[in-house]
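So the chains spell out like this:
Number of protein chains: 2
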Amino acid sequence: MSESSDPPLVLLHRLPSFNYFDENLSRDFRILNTDTLSEPLPIFLSRHAASIRAIVSVGGLSITSELISHLPSLQILVCTSVGVDHVDLAECKRRGIAVTNAGNAFSDDVADFAVGLLISVLRRIPAADRYVRSGNWENLGDFQLGSKVSGKRVGIVGLGSIGSFIAKRLEPFGCIISYNSRSQKQSSPYQYYSDILSLAANNDVLVLCCSLTDQTHHIVNREVMESLGKDGVIINVGRGKLIDEKEMVKCLIEGVIGGAGLDVFEDEPEVPEVLFGLDNVVLSPHAAMATPGSVNNVAEVALANLKAFFSNQPLISPVQLD
Amino acid sequence: MSESSDPPLVLLHRLPSFNYFDENLSRDFRILNTDTLSEPLPIFLSRHAASIRAIVSVGGLSITSELISHLPSLQILVCTSVGVDHVDLAECKRRGIAVTNAGNAFSDDVADFAVGLLISVLRRIPAADRYVRSGNWENLGDFQLGSKVSGKRVGIVGLGSIGSFIAKRLEPFGCIISYNSRSQKQSSPYQYYSDILSLAANNDVLVLCCSLTDQTHHIVNREVMESLGKDGVIINVGRGKLIDEKEMVKCLIEGVIGGAGLDVFEDEPEVPEVLFGLDNVVLSPHAAMATPGSVNNVAEVALANLKAFFSNQPLISPVQLD
Chain A
6 MSESSDPPLV LLHRLPSFNY FDENLSRDFR ILNTDTLSEP LPIFLSRHAA SIRAIVSVGG
66 LSITSELISH LPSLQILVCT SVGVDHVDLA ECKRRGIAVT NAGNAFSDDV ADFAVGLLIS
126 VLRRIPAADR YVRSGNWENL GDFQLGSKVS GKRVGIVGLG SIGSFIAKRL EPFGCIISYN
186 SRSQKQSSPY QYYSDILSLA ANNDVLVLCC SLTDQTHHIV NREVMESLGK DGVIINVGRG
246 KLIDEKEMVK CLIEGVIGGA GLDVFEDEPE VPEVLFGLDN VVLSPHAAMA TPGSVNNVAE
306 VALANLKAFF SNQPLISPVQ LD
Chain B
6 MSESSDPPLV LLHRLPSFNY FDENLSRDFR ILNTDTLSEP LPIFLSRHAA SIRAIVSVGG
66 LSITSELISH LPSLQILVCT SVGVDHVDLA ECKRRGIAVT NAGNAFSDDV ADFAVGLLIS
126 VLRRIPAADR YVRSGNWENL GDFQLGSKVS GKRVGIVGLG SIGSFIAKRL EPFGCIISYN
186 SRSQKQSSPY QYYSDILSLA ANNDVLVLCC SLTDQTHHIV NREVMESLGK DGVIINVGRG
246 KLIDEKEMVK CLIEGVIGGA GLDVFEDEPE VPEVLFGLDN VVLSPHAAMA TPGSVNNVAE
306 VALANLKAFF SNQPLISPVQ LD
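Which chain is which? The protein sequence lines are A and B, in order.
Just so we're aligned, residue 6 is where the first sequence starts under the numbering used here, counting upward by one.
Just so we're aligned, residue 6 is where the second sequence starts under the numbering used here, counting upward by one.
Read the hints as simulated data drawn from the structure, not as lab findings.
Just so you know, same-sequence chains aren't split out, so a pair can sit in one copy or run between any two.
List of simulated lysine to any residue pairs, SDA-like, C-alpha gap at most 20 Å:
{"id": "1", "residue 1": "Lys153", "residue 2": "Ser86"}
{"id": "2", "residue 1": "Lys246", "residue 2": "Trp142"}
{"id": "3", "residue 1": "Lys153", "residue 2": "Pro297"}
{"id": "4", "residue 1": "Lys235", "residue 2": "Gly298"}
{"id": "5", "residue 1": "Lys173", "residue 2": "Ser155"}
{"id": "6", "residue 1": "Lys153", "residue 2": "Gly298"}
{"id": "7", "residue 1": "Lys173", "residue 2": "Arg158"}
{"id": "8", "residue 1": "Lys153", "residue 2": "His291"}
{"id": "9", "residue 1": "Lys153", "residue 2": "Lys173"}
{"id": "10", "residue 1": "Lys153", "residue 2": "Ser166"}
{"id": "11", "residue 1": "Lys235", "residue 2": "Gly263"}
All chains, please: the whole structure from these sequences, using the hints.
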């Protein structure tokens with residue numbers, strides 16, 4: 006650890022339920038928990054901001070250039086999400102502030118959930134559950150057939166650790182995997198499409214698990230959905246803004262695409278109400294990464310990043326600021 | 006085909022919606038479709054029974070010794086299910102009647118669905134879907150965390166083609182597979198438990214995909230569920246009667262086990278109503294095998310079995326009558 010006498014001061018911003026951080030962090034750091042402040046955040050910052058050397062951010066606090074401007078000693082921002090679209094990365098780069106994310110802490114759980122959503126949409130599992138729970142199986146007659154999983158062509162948008170884990174899981178289902186990403190991965194055995202329109206045109210399912218950036222904002226627009234086609238299914242475990250949600254809702258209703266499994270939405274926790282009445286969608290409250298196991302994993306990764314930084318060791322899961 | 010002048014007479018008993026059989030069968034056989042009879046079945050049988058050489062049975066018609074006794078020329082019974090617990094196999098053996106089943110026609114789809122149920126129960130996907138559809142995500146607060154899929158110990162009861170396909174699919178999730186079956190499979194890489202109590206005690210999830218026989222009736226009883234334990238999950242894609250359903254309902258309510266994903270029930274289409282109120286179960290109307298693809302596959306298998314039999318070729322998917 007740092008040779009200075011006092012442990013570094015860490016600003017901890019977390020959801021109330023994520024209290025497992027406090028004890029572990031406080032062994033090696035002085036913690037300022039925004040959740041237990043006795044004064045408003047701006048006043049608090051005006052008193053302590055000069056000493057804050059790190060932020061641990063659990064959940065969606067926007068790390069704007071304005072917030073950063075109040076923190077002259079800030080050296081590292083530890084995020085517990087995979088995506089860091091809530092951070093002004095350009096400002097962090099300019100100031101030389103290191104940024105870390107969840108790394109692979111969530112990758113297994115998000116990949117598991119993505120495959121679960123994919124099977125749930127194709128085989129209509131929540132619809133089957135509603136059907137039986139209606140208590141009316143006998144009178145309803147045959148349950149509407151779902152669509153086969155085995156043999157489906159699945160196009161993955163973003164072949165990072167989560168995308169690779171999804172691909173690996175889908176292989177023994179007999180799914181045929183291809184992908185789109187910023188650049189072709191030489192080590193990947195899967196077919197690469199350099200543009201998402203071709204990926205959509207050549208697949209039955211699109212799985213979105215890329216970062217949200219200016220380049221990927223609304224990467225799935227109406228044209229992409231038209232390419233995917235009327236039996237096509239979209240699974241989104243990335244960020245809501247990867248899809249033009251308004252167009253997606255229209256496409257689902259008009260039958261331009263066949264279905265969707267959505268863990269994320271453009272304006273969470275708002276969800277377009279019209280989706281509640283559709284049988285060809287499966288909805289989830291941004292829970293793909295949420296298991297007790299992943300929550301422990303990410304706390305470990307966050308702590309390991311902080312400790313590494315203040316010991317001048319390499320970071321565990323740095324975000325490249327390019 | 007047979008050298009006799011007339012094509013063999015086949016009694017076709019099918020669900021009304023399974024009409025894809027008629028055209029394919031009628032190319033090579035004379036068909037008596039019980040669904041289009043102009044007279045009651047007993048009267049019909051009294052006039053035609055003597056000439057019927059084959060039955061193609063789609064769905065749950067009980068093939069009893071009494072029914073068989075009316076059919077002196079019956080040589081082959083072609084079933085379109087995997088399980089043949091609705092057939093008096095002893096009587097078929099005594100009479101020398103060949104029996105065939107769906108073979109592997111459903112194996113991919115049932116395995117896909119079983120994995121889908123497993124993820125759905127552990128990660129609470131239909132519960133998540135209900136949560137979002139309630140329109141109340143903002144006020145409900147955090148969604149209750151599910152349980153991790155990766156790393157779970159999964160015990161498979163019945164390592165036939167479906168069980169093997171399930172195991173193969175779960176491997177890249179990092180699940181640890183073991184199994185119970187009548188005898189150890191020398192070619193299997195998975196740990197074998199010769200009794201289901203040990204299997205339950207050493208696993209987090211039990212997946213039931215064995216045949217229903219006198220030996221496997223209620224193979225999952227209260228003792229097995231107590232061994233599986235309070236976080237344990239049961240997935241049933243076999244037959245409802247593999248589980249003592251009354252005890253299972255109690256165990257789910259009392260927290261003796263953690264959850265269940267059930268495609269089959271003891272007295273379908275009856276489902277214990279108390280299950281409709283439970284959040285830790287996922288229910289499905291015996292739909293694991295039902296996709297357009299599987300329905301075509303099984304029609305092909307049925308036809309291939311019939312053609313093989315009347316050409317004195319080996320059957321595609323014979324049921325061993327032991």
